[in-house]
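Undergrad: Using the sequences plus the hints, can you model the full thing?
If you're matching them up, the sequences are chains A and H in order.
Residue numbering for the first sequence follows the numbering used here, starting at 1 and increasing by one per position.
Residue numbering for the second sequence follows the numbering used here, starting at 1 and increasing by one per position.
Be aware that a few hints might be false.
Stated by the list, open to error - Partner residues aside, some chain A positions facing chain H, computed with beta carbon under 8 Å:
1. Ala18
2. Ile21
3. Leu22
4. Arg85
5. Val91
6. Asp92
7. Glu96
8. Leu97
9. Gln98
If you are wondering where the hints come from, they were derived from the structure by calculation, not from laboratory data.
Yeah, the Cβ is synthetic: ideal placement off N, Cα and C, and Gly gets one too.
Here is how the chains run, residue by residue.
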Amino acid sequence: MGVAWYLIVSALIFCIGAGGILVRRNPLVILLCLELMLNAANLALIAFSRMHGNMDGQVFALIVMVVAACEVTVGLGLIVAIFRRNLPIDVDELRELQG
Amino acid sequence: MSTTTYAWLVLAFPLAGAIVNGFGYKRLGRGPAGWIATGAIGAAFLSALGALVQLQDRDEHHRQLVSSLWDYAVTGSVDAKLSILVDPLSVYMMLVVTGVSTLIHLYSVSYMKSDRGNARYFAYLNFFVFSMLVLVLAGNFLLLIVGWAFVGAASYLLISFWYRRGTATQAGIKAFVINVVGDVGLVLGTFFILRYSGTLDFLGTFDAVERGAFDAHEGALVAGCLLLLVGAFAKSAQIPFHTWLPDAMEGPTPVSSLIHAATMVTAGVYLIARMYPLFEAAPAAADTAAVVGCVTLLIAGTIAIAQTDIKRVIAYSTMSQIGYMIMAVGAGGYVAGLFHLMTHAFFKALLFMAAGSLIGAMAGAQSLDRMSGFRKSMPFTFGCFVVGGLALSGVPPFSGFFSKDEILAFVGNRGGWFLVLFVVGYVGAFLTAVYTWRMIFRAFWGAPCAEARELEHGHLAHADVPTNPATGEEEDTEVGFPGPEHTIAERSLPMKVAMGLLAVGATVMGVLQIPEVSHVITNFLEPTFEGSRYLHEEAGTDMVVFGMALGTVLALAGIAVAYRVWVQRPGTSAAWRERLAPAYTLFVNKWWFDEAIELLVVRPFAAAGNFSRRTFERVVIDGTLVGGTTSIVRAGSSAVRAIQTGFLRYYAALLLLGGAAVVLYFLIAAS
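TA: Dropping the structure here:
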């Protein structure tokens, strides 16, 4: 089985994530979609790593996971803060940065 | 230590004094500030003596030393350096400035003792001397301009030292504005000269003139020299830039003494003497200087006769004496002019100090109309006034006699139309004797006034309510106004020492340069002026003897006239005033120079300024430039703002599209 299949799966997951971000309005779901995109990238990295027999890609995947964990922490914290202030949990409603 | 090290020290001490007093005024209070300042200038004087000794040790042809601390900017066409020129002329000026200033500082220690702004006063005073030393030591035009502007600024600070007095602040502003006009002249003149000489350095400029850099551009040289003269006239109070000088009498009396004797007004004389190679190459400019000096000495003399404020009489006499010096250096008699500068510094500082003592006895009043009969109650001040008066009116063997005579003999010897200046100079000498002794007779002869009688009983007059001597407005004695106590020389040792030393100087300094007998000053200054065409042009013995005899006769005649008019027949002056009403009106109104300048310069400029403020500023600046710029920025920002919708998903879509476009670009580029 060539590396192409892995990449196709990775691209599909990435597109699902990107599509989710564009169409969903709940910030919680948007975070989940972001996670999907990151893991799609991880999948591609590991596939390439196996193909080349080089461990660099795996290390990168680990780093991406750490960053993703941090990002989720901050994102969830924001969502909790939004919830506490009784603001709508809807990114279309949260548009105070409008110019 | 080398000569230039001493010269740098001369600059460093007053600056250090100014900084210590300026920053430590709260701690120093009214005690040590004066002594710190006096010590700083005294140390500068000792350093100047050191420089003198070192310079005299050198070979006569190697007495022009340039020392540069660092370069500001040296490019192909400009060489801006922090460099000083130490030569006999600058050492001479250094000695006069620091020597007389030391005594004036010493005098101020007593005179300003009760003033609430004592430490501030001494900080300014040190700064003033420092500025003047920068001016005389400058080795290039750049530093000269810096010193020139510093002197103007320092004079502003000191003239309006009593800053709660409206008249004083106005006088300070007037002095500053007129001096800035002079600064502009100096800067523009420098540009004219720099354009063809290619260097800012004095010696380099003189070399360039000698090599003929201006042969094809004589107009530029004449224009440059005339613009330098504007600077010199403004600083030296020559017509028509003189109106600030009498108003500058609003400052404390030692300040008047400093401005008139050691610093500031002598700067113009120094400038022309320093630039002599330029002025000799541009005779038209030099002649202008001589004529203006001559006109000034006559007009100032006539005004002085009609003034009643004692300080203003002395101020106009300064103007007149500076006129002699400018006439001398304009005609090429540099040594004569500088000799008179030195003797004048002595007797003018002395006269101002004596006037300050007299004003102290009058509890701050300055009008001659109120003074009389102080001869018995103030013997020391009276003696100083007599010595100063004799020197000023040129009675032998006092110093002023020799220096004034040397100027007039030199001018007379030039012949031609210079003879007119020569004659006017003697008329001026006669006027000098009359107005000087009018002042002395009115203040010291006659029945003692109330203040003099009180002083004879041992009490110093004390005003119940301090008032402004010019307007009579009531004042208090807090900071910003004169202090509560007045001082007279008879009761203060520092003042006595300062005046005594100056009186000795005013008496004997003439022996330095007696025609046919001694030539100390000529010999000393020769290395600076050795390139001058006029250095060895000396008047013949007949001329000198005739001039001396004429000078003596005129001085004594002037004193006799003053004695007859103001002592023997007190009504005479009133009778003359009526008989010569038009002339008197002219003199007492100072030839309407203030009014003429107001009408010809101030009002048109104010009108032009108002007009442009109302039309040009509103329409072009506010409307087009400022308004136009803001509306462009506003329109641009509102266009950009429309993109910022605040929709998170919209931003995400843009990001994805952008990323996809970049990836697509690389894919296409790679295939």
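Undergrad: It remains to establish, for every hint, whether it holds in the given structure.
TA: Here is how each hint holds up against the structure:
1. Ala18: This hint holds: A/Ala18 lies near chain H, its Cβ roughly 6 Å from the closest one there, short of 8 Å.
2. Ile21: Where the cut-off is 8 Å and the nearest Cβ of chain H is about 5 Å from A/Ile21, the hint holds.
3. Leu22: Holds, because the Cβ-Cβ distance from A/Leu22 to chain H comes to roughly 6 Å (cut-off 8 Å).
4. Arg85: At 17 Å from the nearest chain H Cβ, A/Arg85 fails the 8 Å test, so the hint is violated.
5. Val91: A/Val91 check passes; min Cβ-Cβ to chain H is 4 Å, inside 8 Å.
6. Asp92: holds, 6 Å
7. Glu96: holds, 7 Å
8. Leu97: Because about 5 Å separates A/Leu97 from the closest Cβ in chain H, which is inside the 8 Å limit, the hint holds.
9. Gln98: Check passed: Cβ of A/Gln98 comes within 3 Å of chain H, closer than 8 Å.
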